[in-house]
Structures are given as C-alpha cells and as structure tokens.
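As you go down the protein sequences, you meet chains L and V in turn.
With the first sequence counted from 1, adding 53 to any position gets you my numbering.
With the second sequence counted from 1, adding 45 to any position gets you my numbering.
None of these hints come from the bench; they were simulated from the model.
Among the clues, some could well be false.
Stated by the list, open to error - What follows is a set of in silico ranges between Cβ atoms, one per label pair, in the way DEER data are often shown:
(1) L53/V to E283/L: 56 to 62 Å
(2) L216/V to L163/L: 39 to 45 Å
(3) R253/V to R175/L: 25 to 31 Å
(4) G188/L to I347/V: 44 to 50 Å
(5) R85/V to P169/L: 34 to 40 Å
Remember, it's a predicted structure, so these values are computed and weren't measured experimentally.
Beta carbons: idealized from backbone N, C-alpha and C, even for Gly.
Residue strings, one per chain:
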Amino acid sequence: MSEPSLLQLSGVSKHFGGVIALRPLDLEVAQGEILAIAGSNGAGKSTLLRIMCGAESSDTGRILFEGIEKHHWDIASTRKLGIEVVHQGLALVGQLSPIENLFLGREFTLGSDRTPFLAHRRMERRGQDLLREVGVRLKNIHEKTEDLSGGQRQAIAIVRAIGWGKRLVILDEPTAALGIAESAHVNDVIRSLRERGLGVVLVSHRLDQIIELADRAVVLRNGVLVGHLEGSAIKAGPLAELITGEHAGQVA
Amino acid sequence: MSDRAFKLVLSWGSGIVLVALVGAFVIAAPTTFATPDNARNILSQAAPGALVAFGETIALIVGEFDISVGYVASLCGVLFTGFMVNQHFGFTEAVLLTLAVAGSLGLISGLVVTRLGVNALVGTLGVGIMALGLNYLYGGGATIAGPTPNIVSQIGYGRSFGIPNVVLIWLALAVVLWLFSEGTVTGIHSRAVGGNQQSARLASIKVRQLKTLAFVMSALLAACGGMLISAQLGSGEPTAGDGYLLDAFAAGFLGSGFYRAGEFSIPGTVVGVLILQVGYTGLAVLGQPTALRYLFEGLILIFALALSSVVRRMRASR
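I would like the entire structure built from these sequences, with the hints used as guidance.
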C-alpha cells in the first residue's frame with residue numbers, strides 16, 4: 054500500500070453469546086483508496102462495520118488510527134476523528150426534517166456554539182449547500198424525513214456522511230434504494246471522496262459496483278476474512294467464488 | 046383525499062375539535078358559557094392539569110410513559126402546604142424542598158428505567174406508589190390547612206393585568222417548554238430519541254441521560270401542578286392530584302393531532318388540555334351531573350388514543 058494507513062484493525066473479533074460473528078481478522082484502509090467489503094448475508098459485514106465506526110466494541114485485537122492505537126473507540130470519538138457512516142438502515146429519525154437529520158448530534162448553536170440554543174438558520178443554509186453540492190433536490194426541506202421517498206432518504210444519509218466525513222467514509226449498501234442514474238451519481242461522489250484523499254469503505258452486494266469502484270476488496274464468509282483482491286484482480290468470478298466458497302465448476 | 050388536505054387535517058385536527066367544542070357550548074349556553082368570566086374560569090381550572098400534562102408530554106416525547114405524575118402531584122401539594130403550615134418554612138424554602146423531593150423521585154424513575162431496564166409503565170407506577178406512601182407517611186391522609194405566606198393566595202386567587210396568576214404561570218411555562226423543545230439541542234435530541242432511539246444512539250446522542258432528564262422534568266412539572274392545586278384550594282389535599290394522570294395522557298395524545306401530527310408536543314398538549322377543560326366546564330355550565338364529566342373524560346381518552354393510532358397508521362400507509 055503506497056498511501057499512508059488510515060484505519061487499521063488488528064486481530065479484531067466479536068462474538069454474541071455463543072455465536073461467533075467475526076473470527077480474529079486484520080484489515081487496513083488507507084487514505085485515498087476505496088476498500089470494498091463483500092460477503093453474503095450473515096457473513097459478518099455489519100458487525101465489522103459497527104466495530105469500525107465504534108457502534109460495537111471488539112472482543113479482541115487493536116484498532117489503530119493513523120498508526121496510533123486507540124483505546125477508546127466509540128461513535129463520539131470516531132466522529133471526532135472524521136469517520137462517518139452511511140448505515141444500511143440509514144439511521145435517520147423519520148419525525149425530523151432533512152436538515153435536522155443532517156445535523157443530528159452536532160447541531161450548530163447560537164453564540165459561537167457556546168449556548169444551548171439551536172442556530173436554525175445557519176444549519177439551514179449549510180444544509181442546503183451540502184444538498185446542492187451532492188445534487189440533491191428537495192421540494193420542502195422542512196418536511197418530515199419519513200415523508201420523503203426511499204431514494205431521497207438514502208440521499209440524505211449519504212449527504213450527511215459526506216458532509217461531515219473528513220478522513221474516512223464507510224458506506225453500507227449506499228445505492229440499495231436508488232435507480233440507475235442516481236446510483237451512477239453516487240458512484241461519482243464516492244470516487245470524488247477518494248480523489249479528495251479520504252478513505253472509503255464500501256460494503257455492497259453489487260459486484261458490478263465493487264468491480265467499478267474498488268481499489269481493493271476483501272471478502273467475508275461466516276465471520277472469516279477469506280480473501281483479498283487488488284486492482285485488476287477484482288473480477289466477478291473470483292469475488293463470487295470467495296463469497297460462496299464454491300469454485301466455478303462446482304456451481305450446479 | 047389529496048396529500049396536502051391530508052396533512053392539513055393531521056396538523057390541525059385537534060384544533061378543529063377544540064373550536065367545534067367551543068362552538069357547540071356557545072350555541073348551547075350563549076349567556077353562561079360565552080362570557081369573559083367563564084373563559085377565565087376555564088383557563089384557571091386548566092392550570093394544574095396543564096402542568097402535569099406538560100410533564101407527561103416531556104416523557105412521551107422521549108418515547109416513555111410516566112405513571113407517577115398524579116401521585117407525585119398529590120404528594121407535592123401536601124408537602125408544599127405542610128412545609129409552610131407544620132414546619133413553618135417560608136414560601137421559597139417550601140417550594141425548593143418540594144421540588145427537591147419530586148426531582149429525586151424523577152431521578153429514581155429515570156434510573157429504574159434506563160439503568161435497571163425496567164419497563165417504564167411498571168417502573169414509574171412503582172415510583173408513584175412510593176410517592177403515595179410518602180404522602181401518607183407525612184400527612185397521614187388528612188387535609189393540611191393553616192396560615193401560609195400571602196404569596197400563596199396571590200398565586201392561587203390573584204390576578205395580574207386582569208389575568209389570573211395561575212393562567213399566566215401555565216401559559217408562560219408552555220412558552221418556555223415549547224422553546225426548550227424546539228429551540229435547544231436537548232430538545233431536538235429528545236425528539237430524536239423518541240422518534241428513533243437506535244438512530245439517535247448512532248448519532249452519539251446520550252439516550253439514557255436524556256430519558257432520565259425527561260423523568261426528572263416530568264416529576265418537577267407534576268410537583269408544580271400539585272403546588273398550584275394547593276394554592277388554588279388553599280389547603281393540601283392528599284388525593285387532589287391523583288386524577289390528573291389520565292387527563293395528562295388524554296391531553297398529550299389529543300395533542301398528537303395538532304401542530305406536529307403523530308408526534309407529542311407542547312403546543313399540542315395545550316390544545317389537548319383546553320379540549321378537556323372546555324368539555325368539563327361546558328358540561329358543568331349546562332348543569333350536567335358530575336358523572337357525565339367522567340364519561341366525557343373516559344370517552345375522550347379512548348378517542349385521543351385511537352386518534353393517535355389512526356394517524357400513525359395513515360401516515361405509514363401513505
């Protein structure tokens with residue numbers, strides 16, 4: 054890897070009761086690269102993702118950020134480091150407006166952030182800028198997020214991650230609810246993140262998306278990291294084999 | 046129904062009910078209901094229930110229930126009067142001490158629900174029964190009456206600018222709580238927790254602390270309601286606040302058909318409180334037996350809960 058390391062997981066594992074979700078694995082994401090994580094349902098992708106963003110603690114191993122070991126790794130601290138996530142469930146609050154969702158947990162306040170009072174107008178302006186940058190058009194930004202279409206909600210979640218993500222953006226099935234044109238647009242946005250020097254982790258079921266975007270790809274199967282592909286080696290055949298664990302000739 | 050019309054009905058539904066109710070009583074009793082005196086009466090009677098309802102609303106906003114509010118209001122009415130009459134504390138000391146007791150009970154509710162993981166319905170019921178116990182421990186179930194500082198009767202019966210002080214108090218609190226809910230970080234985080242706890246957590250919002258704060262605020266507001274009852278009655282009645290629990294729920298759920306459809310809110314609760322009080326006063330003005338009031342209360346509570354449920358389902362299906 055030529056670029057400096059951003060996030061490094063070393064010997065990280067996780068179990069829930071008697072179920073082993075992840076066996077000890079090593080993973081590394083660098084600045085300016087797109088790392089794809091592939092695997093079928095139940096492979097452990099979500100658990101891995103949650104550990105990466107601090108939503109879940111790992112049972113073993115170490116987590117390093119820019120080469121420095123982090124002993125305290127939760128959502129608040131990962132956000133401070135500039136790590137952002139687009140969760141598969143979007144993690145939006147339906148009752149709130151798109152702007153309120155964009156700023157949830159890091160609202161602008163009056164008096165240069167020294168008072169507890171919300172700076173509604175400042176957030177509205179900044180929010181609209183962010184939406185425009187990513188090409189999202191909303192008829193009414195004061196509408197409840199739950200009243201928007203699935204695609205619009207996904208767009209809000211993506212805009213939120215991109216707007217706040219300064220070092221690493223993790224995307225879990227970011228184009229699941231999007232049409233072809235919108236998906237292509239999101240792919241462009243993901244590429245632009247890499248161009249800006251951010252690290253990108255992309256979890257996707259869509260092999261075509263992985264092949265198109267990823268610099269490197271790792272595959273999880275039953276909680277084990279079973280394969281690692283780079284560059285031109287990232288192809289449908291090898292990916293599918295690693296995901297299913299069956300060689301091409303064996304598929305009935 | 047078009048989308049716009051649908052949203053309009055959802056956002057104003059309860060407001061329309063209130064206006065219709067007022068209109069109905071004005072027509073039924075034009076000389077006795079539609080008077081400034083009666084309007085003052087309605088707003089004054091609504092005061093203690095409104096405060097308790099605001100407390101319940103704060104809990105509802107974060108997605109919880111607080112069953113203790115009625116018992117806490119009763120306890121605090123007794124303590125407030127008792128501290129002045131029996132222990133001869135001044136007004137300020139009596140208020141602060143009463144709030145301290147209420148706050149502690151709210152804290153217990155918060156910890157029981159967020160740390161021990163006890164369901165709020167059961168947990169706060171337990172705290173409510175504790176309040177009941179404390180009530181009888183302190184006062185023995187007797188009414189506490191005696192000389193209290195002048196300010197108490199000023200609050201209970203006095204007026205400022207021609208408006209009863211109790212009305213100014215509850216309307217002012219409504220504004221303050223509304224600003225808190227809409228205009229502060231804690232307010233919006235509370236709404237987020239109530240809307241989607243998981244999403245709130247992923248946004249690094251401290252869910253447990255917010256819920257505990259909500260229970261403390263609920264108890265404090267219930268205490269204020271209880272103290273207001275005592276000020277209005279001129280004595281500490283051990284069961285005076287008990288009945289406010291159901292009204293608080295009814296007002297909160299009625300409120301979800303106003304302002305922010307399908308969501309609990311302070312402005313919504315204000316409308317809910319007024320619907321209830323207009324109903325009670327209207328029935329009284331028409332000379333209807335008290336039994337009818339209970340019927341009205343029960344029906345309205347069911348209507349309010351059903352309305353809330355229907356609204357949610359209609360939103361989901363759109």
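Against the structure, the hints:
Distance hint check: the CB atoms of L53/V and E283/L are about 57 Å apart, consistent with the given range 56 to 62 Å. Look at L216/V against L163/L: about 25 Å separates their beta carbons, and that is not inside 39 to 45 Å. At roughly 29 Å, the beta-carbon separation of R253/V and R175/L lies within the given 25 to 31 Å, and the hint holds. For the hinted restraint 44 to 50 Å between G188/L and I347/V, the CB-CB distance of approximately 48 Å keeps it satisfied.
A C-beta distance of roughly 35 Å is found between R85/V and P169/L, which places it inside the suggested range of 34 to 40 Å.
Violated hint: 2 only; the structure is consistent with all others.
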